[in-house]
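Chains as they are written, first to last, in my numbering: chain X, 1 to 90; chain G, 1 to 90.
Don't read these hints as lab results, they were simulated from the structure.
Treat each hint with caution, since some may be false.
[Stated by the list, open to error] Interface residues of chain G toward chain X, partial, derived using beta-carbon atoms under 8 Å:
1. A20
2. I41
3. E49
4. V61
[Unchecked claim] The calculated DSSO-like cross-link candidates involving lysine-lysine, where the alpha carbons are at most 30 Å apart (straight line), are:
5. X:K35 / G:K12
6. G:K35 / X:K11
7. G:K90 / X:K11
8. G:K11 / X:K11
9. G:K90 / G:K12
10. G:K90 / X:K62
11. X:K12 / G:K35
12. X:K62 / G:K62
13. X:K35 / X:K90
Please read all numbers here as calculations on a predicted model, not as lab measurements.
Each residue gets a CB set at the ideal place from its N, CA and C atoms; glycine is no exception.
There are 2 protein chains.
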Amino acid sequence: MAEENTVFIGKKPAMNYVLAVVTQFNAGIDEITIKARGRSISRAVDVAEIVRNRFVQDCTVKDINISTESLEREEGNMANVSSIEIILAK
Amino acid sequence: MAEENTVFIGKKPAMNYVLAVVTQFNAGIDEITIKARGRSISRAVDVAEIVRNRFVQDCTVKDINISTESLEREEGNMANVSSIEIILAK
Chain X
1 MAEENTVFIG
11 KKPAMNYVLA
21 VVTQFNAGID
31 EITIKARGRS
41 ISRAVDVAEI
51 VRNRFVQDCT
61 VKDINISTES
71 LEREEGNMAN
81 VSSIEIILAK
Chain G
1 MAEENTVFIG
11 KKPAMNYVLA
21 VVTQFNAGID
31 EITIKARGRS
41 ISRAVDVAEI
51 VRNRFVQDCT
61 VKDINISTES
71 LEREEGNMAN
81 VSSIEIILAK
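The whole structure should be built from the sequences, with the hints applied where relevant.
What follows is the structure, encoded as structure tokens:
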């Protein structure tokens with residue numbers, strides 16, 4: 001999947017990411033992946049639910065995957081962080 | 001699905017819920033649902049990942065569902081909150 005079909009969820013308000021997803025659907029893209037890690041996972045679910053219930057009612061949750069990523073911290077040791085990938089499709 | 005096969009994720013440390021899930025698998029239950037709402041959704045993903053990677057390596061993520069629940073606040077108005085359901089199976 002090309003990177004332009006992916007929205008990465010960070011620490012901004014959920015509506016910022018909702019707008020990014022809705023804009024891509026309106027541009028004719030029919031499958032968008034929402035990705036998040038750690039504490040942002042809850043926000044990713046919020047974004048998917050708001051898009052689907054309020055803005056793009058003909059889109060559905062096609063697939064959801066969870067996984068664990070190993071990140072190297074500044075001190076050099078490794079930390080495991082959970083991640084989620086929510087695929088929305090029209 | 002019977003309620004004893006469900007683990008509700010709250011605000012305690014993830015390992016408390018990991019222990020609850022592992023205990024149920026060890027008691028012979030072969031399908032467990034992890035449920036969470038709002039900010040606890042991230043922790044639910046952590047719990048599923050820790051169980052599957054560290055404790056019950058023959059279990060897999062069978063299904064993940066997200067939805068929106070309407071809760072009545074104390075003041076009487078309604079709030080929407082996202083929820084997740086992760087089904088682990090051996």
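Hints versus structure:
1. A20: violated (18 Å)
2. I41: Holds: closest Cβ of chain X sits about 4 Å from I41 (chain G), inside 8 Å.
3. E49: With a closest approach of 5 Å, the E49 (chain G) hint holds.
4. V61: holds (6 Å)
5. X:K35 / G:K12: Distance of about 25 Å is within 30 Å: holds.
6. G:K35 / X:K11: Holds - the C-alpha atoms of K11 (chain X) and K35 (chain G) are around 23 Å apart, at most 30 Å.
7. G:K90 / X:K11: Violated, at about 35 Å.
8. G:K11 / X:K11: holds (20 Å)
9. G:K90 / G:K12: The hint holds at about 26 Å.
10. G:K90 / X:K62: It holds: about 24 Å lies between the C-alpha atoms, which stays within 30 Å.
11. X:K12 / G:K35: holds (25 Å)
12. X:K62 / G:K62: At roughly 15 Å apart (the allowed maximum being 30 Å), K62 (chain G) and K62 (chain X) satisfy the hint.
13. X:K35 / X:K90: holds (18 Å)
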